[in-house]
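Single-letter residue listing:
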Amino acid sequence: MRVTLHQDKCVASGQCVLAAQEVFDQRDEDGVAVLLDDSPPAGAHDDVRHAAAVCPALAITLAES
Amino acid sequence: MTDTLTDTASGTGREPGYPIDRSPHCPFSPPAGLRALQSTAPLRKVRLWDGSGAWLVTRYAELRTLAADPRISSDILRPGYPHVSLGSLERARRQTSFIVMDDPAHARLRRLVTAPFTVRRIQALRPAVQELVDELIDTMLAGPCPTDLVREFALPLPSLVICRLLGVPYADHAFFQRHSAALLNRDSAERATEAQRILTDYLDGLVAEKLVRPTDDLLSVLATEQVAPGLLERRDLTAIAMLLLVAGHETTANMIALGTLALLRHPDQLDALRATDDPARVAGAVEELLRHLTIVQTGLRRVALADIEIAGQVIRAGEAVILAIDAANHDATAFTEPDRLDLGRDARRHVAFGYGVHQCLGQQLARMELQVVYSTLYRRIPTLRLAADPAGLPYKHDSIVYGVHELPVAW
Ligand code: HEM
Ligand code: SF4
Numbered sequence: 001m002r003v004t005l006h007q008d009k010c011v012a013s014g015q016c017v018l019a020a021q022e023v024f025d026q027r028d029e030d031g032v033a034v035l036l037d038d039s040p041p042a043g044a045h046d047d048v049r050h051a052a053a054v055c056p057a058l059a060i061t062l063a064e065s
Numbered sequence: 066m067t068d069t070l071t072d073t074a075s076g077t078g079r080e081p082g083y084p085i086d087r088s089p090h091c092p093f094s095p096p097a098g099l100r101a102l103q104s105t106a107p108l109r110k111v112r113l114w115d116g117s118g119a120w121l122v123t124r125y126a127e128l129r130t131l132a133a134d135p136r137i138s139s140d141i142l143r144p145g146y147p148h149v150s151l152g153s154l155e156r157a158r159r160q161t162s163f164i165v166m167d168d169p170a171h172a173r174l175r176r177l178v179t180a181p182f183t184v185r186r187i188q189a190l191r192p193a194v195q196e197l198v199d200e201l202i203d204t205m206l207a208g209p210c211p212t213d214l215v216r217e218f219a220l221p222l223p224s225l226v227i228c229r230l231l232g233v234p235y236a237d238h239a240f241f242q243r244h245s246a247a248l249l250n251r252d253s254a255e256r257a258t259e260a261q262r263i264l265t266d267y268l269d270g271l272v273a274e275k276l277v278r279p280t281d282d283l284l285s286v287l288a289t290e291q292v293a294p295g296l297l298e299r300r301d302l303t304a305i306a307m308l309l310l311v312a313g314h315e316t317t318a319n320m321i322a323l324g325t326l327a328l329l330r331h332p333d334q335l336d337a338l339r340a341t342d343d344p345a346r347v348a349g350a351v352e353e354l355l356r357h358l359t360i361v362q363t364g365l366r367r368v369a370l371a372d373i374e375i376a377g378q379v380i381r382a383g384e385a386v387i388l389a390i391d392a393a394n395h396d397a398t399a400f401t402e403p404d405r406l407d408l409g410r411d412a413r414r415h416v417a418f419g420y421g422v423h424q425c426l427g428q429q430l431a432r433m434e435l436q437v438v439y440s441t442l443y444r445r446i447p448t449l450r451l452a453a454d455p456a457g458l459p460y461k462h463d464s465i466v467y468g469v470h471e472l473p474v475a476w
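Residue numbers (our numbering), protein chains in the order written: chain H, 1 to 65; chain A, 66 to 476.
Excised from the complex, chain H in its bound form (with noise of 0.2 Å):
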């Protein structure tokens, strides 16, 4: 799985943090999210793919192998 963060989209809502701490975290200066494992292991891919439905702004894009 390759994970894609659109950054200019965030609205650092912190709904992909909550659901894979992992992958994701947020700037200090502004909460926008960061990505911290743009190929995470197959035990977070649940995670991941629900971080990616429930951001409100569409800035996580997946890549499935």
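Since the hints were made in silico from the structure, they are not lab data. Any given hint might turn out to be false.
One side only, chain H facing chain A, incomplete, derived with CB under 7 Å [as the list claims (entries may be wrong)]: (1) A12; (2) G14; (3) V17; (4) D30; (5) G31; (6) V34; (7) P56; (8) A57; (9) T61; (10) L62; (11) S65.
Model, not experiment: these values are computed from the prediction. All C-beta atoms in this analysis are idealised placements derived from N, C-alpha and C, irrespective of residue type, glycine included.
Position chain A with the ligands against the provided structure of chain H, taking the given hints into account.
This is chain A with the ligands only, laid out in the frame that chain H set:
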């Protein structure tokens, strides 16, 4: 008030009125009439208080699609916008905050205030919130029984928290709580407009003071770093302060009181919640209560910027759109047995905080406060019970945000 659903085709004939009254015997679920509309189509035309028409979107999938569509505007000053009540446009002409603006203005202003609301910053506040919760419970237990949980606990907690964060003196709480409630009331335009004026004057004075004597809080930071160097107009900061103050305490307070009422009426679920030490289960319970109760009860207000095809219908440019998040959170295609409160279900996809770029800025704060409350209150007071007839409680039918004005409890 409530119309019978005699017409079928949307946009022709007599459309059903919206909002729709709740059934008196069913205080938690969305109104039966709303569910009836949902069962006929994902969206349909309704008629509003001023006689204007609007598309009411009630199904989960279509609601999320539209909420995230940039052709759907939140701009309250745009012609066609479905105003929630008389006086709304007049108030908007005087003052608007970013909740009723579109990007790029919305994004610019929202981003000024996102830093204190990140998951990490909010988690850092948890010990202080736990302390506040314990103190409020101590005070309540030392006072008379029965008492009003709203006045003694549900309102003070989020008010204290948002006051500290913004730098608003909590000593003024009776004053701003009264005017915030008036601002959210749909029935009295004059009172709401007066409340806007009074709160604006108050917060503008506070901003002026922070400019001269900054303290350690969000309003001081914005005053000195944004207003002083001319990056932000003072009136825009006042509008932000107003939005955060009003949104920051009324909503969470209603979730605390209404959530407690819902749990007291589902003793098996309350027992399970009280028994768990697992933070993940408490967090799950909070999501389910947010979904089940969906306190924002008059829908998210929008207007179409272009023709939009959805579910076999065309929303024309300039037409009003209302996203009924309460109905969507009770859509059986998204949540099985949606009317059942089930603290064990995975409800995290709910839209109680909205969806799209306006999704609630304070959601992590609200979640954390509710997690602390729901994992503390019923443990500290295991005998907590309702001290009034639930049917006779003063429900907030006339407000944008649902809840109870008063919740008499005993222990
Ligand atoms: C359980 C409590 C809460 C609920 C159910 C709730 C619900 C909502 C909803 C549904 C929206 C979206 C409005 C729209 O799209 O038109 C929203 C936006 C907002 N909420 Fe909350 N809210 C809660 C707590 C809070 C708190 C504690 C704060 C405070 C700091 C807050 C501040 C805001 C702000 C500033 C917006 C506007 C965001 C934007 O336009 O970008 N809310 N809230
Ligand atoms: S869920 Fe989306 S909008 Fe929210 S912080 Fe993550 S990327 Fe940003």
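* Asked: So which of those numbered hints doesn't the model satisfy?
  -> 6, 9, 10 and 11
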